[in-house]
Amino acid sequence: MTELSLRSITKRFGRMTAVEDVTLDIPDGTFVCLLGPSGCGKTTLLRLLAGLEVPSQGQVIVAGEDQTNVPSEEREFGMVFQSLALFPHLSVAENIAYPLTIRGRPKADVRARVEELLDLVQLSGLGDRRVHQLSGGQRQRVAIARGLTIDPKVFLLDEPLSALDANLREHMQVELRQLQQRLGVTTIVVTHDQKEALTMADMVIVMNEGRVQQIGSPMEIYRDPANAFVAGFIGTSNLLPCTLNDDRSIEVFGHRFEADAEDRIKGDPGSGLMLSVRPEDVRTEAQGTGPTAKVIFIRDLGESIQFVLDRDGHEITALYAPSARPDIRLDDEVGVSFAPGKRVVFPA
Amino acid sequence: MSGLRQKPTPGWLPFLPAAWLVVFFLVPFAIMLTVSVAHRVQGGFYEPGFEFDSYMRFFSVFFGRILLTSVLISVGAAVICVLLAFPFTLGLARMNKRGQTLVLVILLSVLSLSEVIIGFSLSTLLSKTAGIGNLFAALGVTEESRAYTPSLFALMAGMCYLALPYSVLVLYPPVSRLDPELGEAARMMGASPFQAFRTITVPMLRKPMMGALILVFVFTLGIYLLPQVLGQPQHWTLSVHITDQAIFQSNLPFAAAMAVFLLLVSLAMVGLSLLLGRDKGGGA
Numbered sequence: 001m002t003e004l005s006l007r008s009i010t011k012r013f014g015r016m017t018a019v020e021d022v023t024l025d026i027p028d029g030t031f032v033c034l035l036g037p038s039g040c041g042k043t044t045l046l047r048l049l050a051g052l053e054v055p056s057q058g059q060v061i062v063a064g065e066d067q068t069n070v071p072s073e074e075r076e077f078g079m080v081f082q083s084l085a086l087f088p089h090l091s092v093a094e095n096i097a098y099p100l101t102i103r104g105r106p107k108a109d110v111r112a113r114v115e116e117l118l119d120l121v122q123l124s125g126l127g128d129r130r131v132h133q134l135s136g137g138q139r140q141r142v143a144i145a146r147g148l149t150i151d152p153k154v155f156l157l158d159e160p161l162s163a164l165d166a167n168l169r170e171h172m173q174v175e176l177r178q179l180q181q182r183l184g185v186t187t188i189v190v191t192h193d194q195k196e197a198l199t200m201a202d203m204v205i206v207m208n209e210g211r212v213q214q215i216g217s218p219m220e221i222y223r224d225p226a227n228a229f230v231a232g233f234i235g236t237s238n239l240l241p242c243t244l245n246d247d248r249s250i251e252v253f254g255h256r257f258e259a260d261a262e263d264r265i266k267g268d269p270g271s272g273l274m275l276s277v278r279p280e281d282v283r284t285e286a287q288g289t290g291p292t293a294k295v296i297f298i299r300d301l302g303e304s305i306q307f308v309l310d311r312d313g314h315e316i317t318a319l320y321a322p323s324a325r326p327d328i329r330l331d332d333e334v335g336v337s338f339a340p341g342k343r344v345v346f347p348a
Numbered sequence: 001m002s003g004l005r006q007k008p009t010p011g012w013l014p015f016l017p018a019a020w021l022v023v024f025f026l027v028p029f030a031i032m033l034t035v036s037v038a039h040r041v042q043g044g045f046y047e048p049g050f051e052f053d054s055y056m057r058f059f060s061v062f063f064g065r066i067l068l069t070s071v072l073i074s075v076g077a078a079v080i081c082v083l084l085a086f087p088f089t090l091g092l093a094r095m096n097k098r099g100q101t102l103v104l105v106i107l108l109s110v111l112s113l114s115e116v117i118i119g120f121s122l123s124t125l126l127s128k129t130a131g132i133g134n135l136f137a138a139l140g141v142t143e144e145s146r147a148y149t150p151s152l153f154a155l156m157a158g159m160c161y162l163a164l165p166y167s168v169l170v171l172y173p174p175v176s177r178l179d180p181e182l183g184e185a186a187r188m189m190g191a192s193p194f195q196a197f198r199t200i201t202v203p204m205l206r207k208p209m210m211g212a213l214i215l216v217f218v219f220t221l222g223i224y225l226l227p228q229v230l231g232q233p234q235h236w237t238l239s240v241h242i243t244d245q246a247i248f249q250s251n252l253p254f255a256a257a258m259a260v261f262l263l264l265v266s267l268a269m270v271g272l273s274l275l276l277g278r279d280k281g282g283g284a
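The listed protein sequences derive, respectively, from chains A and B.
Sequential numbering from 1 applies to the first sequence in UniProt numbering.
Sequential numbering from 1 applies to the second sequence in UniProt numbering.
To be clear, the hints were calculated from the coordinates, so they are not data collected in a lab.
It is possible that part of the hints are untrue.
To be verified - FRET-style restraints, in silico, Cβ to Cβ:
1. B:Arg198 with A:Arg12: 32 to 40 Å
2. A:Val70 with B:Leu125: 17 to 25 Å
3. A:Glu262 with B:Met95: 54 to 62 Å
Positions of the beta carbon are idealized from the N, C-alpha and C atoms, including for glycine.
Please construct the entire structure, taking both the sequences and the accompanying hints into account.
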């Protein structure tokens, strides 16, 4: 059982705070994505877990034991670096064998384990190659295999797929997910690609400016963003100023929308609030229904049609399936409505 | 604006460096070869001829010892330089950019000092009357001041002082390009800091280290002033003897023959070290 806990972890570099007061629990066997824009502290958090950085404050607890000051080489974690960090002077097999040879394991055992791992990442027969003779995707697999050589307690990956082209990346996402499910190893992947995080993870941790913004399943993060940052960072969201009436109806641009039981309302009446609605949940209506807005941009995206509306300088994006395309043109004045149950309100 | 068409690169351009090599390297080398087989006039100069008398003089114990001394001193200087430069460069690469620039500028400024200045500075610094011997005596480390020059130690100090900047400059680019994540990866996989250094850092820098060794070896092989200033007569290298024969004994044929021989020896040493330093797997 390798559950992982961080207890109010803070990491400062000089006067810069990279990670601030992070507390979280990761259950055994979970696939976790650390998601955030560049410079949000996600890589630092991963390095703190790996023992490559020592926290300024707080504790790292692995399987119930405080490992805050245990050096990386004693943690028995596997890690895939952003640069992959494959050793160019060693062959593929020697790279994968490195964790075992450094521990002085018998040669026959090492060879057997390397064969097993090469088979696992579908690189059988390529053990004698040099790293530079492999393609990008093959190197990726070598790095993954090398991280799994010792059956790590925790498997850490820092932006592992960022160097691959789009097709290969999607393929590797699925493969990595399948591998993790087969092995059941607690896995933490750092990524800035929200699509990657949503497709792979059991649990997404959204970070910004060194702080955890939200922890939840991909569905929770997408459907119920905790704040304006998460709403804006995950997918596209329309963020509009709104107020909440005492009967919990939502008022946007002077128009009242009756609250639905499924709407997520995290704010109090009378305070400055923000309404978040996904573009696919915005509908245009005949003028007079809902607040009025002007069509300023129409774009055919193939799988959908995008309408951009303007109301008092606020842009509202609506997304329609081509079959359901409404008959509106540029510069038309239309009414706007938001699908009941899909509205999220949080403090601005 | 049709007149803006670019003129093609003139066809004779590649021959320019070749001509340069012929005029400034091949011709002097040919002259040296001719002189080395010329006939020496005892007490005079030399007259044209074709004889191997000068080369025959190599086959003596005396000459063998000189050759051995030259090679050993240069190999020693090369090994010491790289042993010093390697950790130094690793440390340098870990400094911040401003610190790195500062250290590199200081190193480069050392290169502007001539062999003469370094030689005489060291011989003063290591002398009995004005040197560090006085400091040791004053501190009570030694009973009384003594001279540390001329000696093998003084000679090595001078040669390393002269060659160290070159070895750092050869090692610096590959060391600074070394991905720190490689070391971290080794640590994650269970290697102690020393094991990571031994299994990753050193093997990856084997080629640049070989390059620095060759450079210092060839460079110090040609030094002829320092052995005379800082060394004892038994430390006189082949280069010193060439100077001695050419300038003081007026035996140009013999000096030329020794120069040809020195060239062959250094070529052989470089070839040998390249052979030894070759990557077994043929990798990057």
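These are the hints, each one checked on the structure:
no.: 1; hint: B:Arg198 with A:Arg12: 32 to 40 Å; in the structure: holds, 33 Å
no.: 2; hint: A:Val70 with B:Leu125: 17 to 25 Å; in the structure: violated, 50 Å
no.: 3; hint: A:Glu262 with B:Met95: 54 to 62 Å; in the structure: holds, 59 Å
In the structure shown, a violation is registered for the earlier hint numbered 2 alone.
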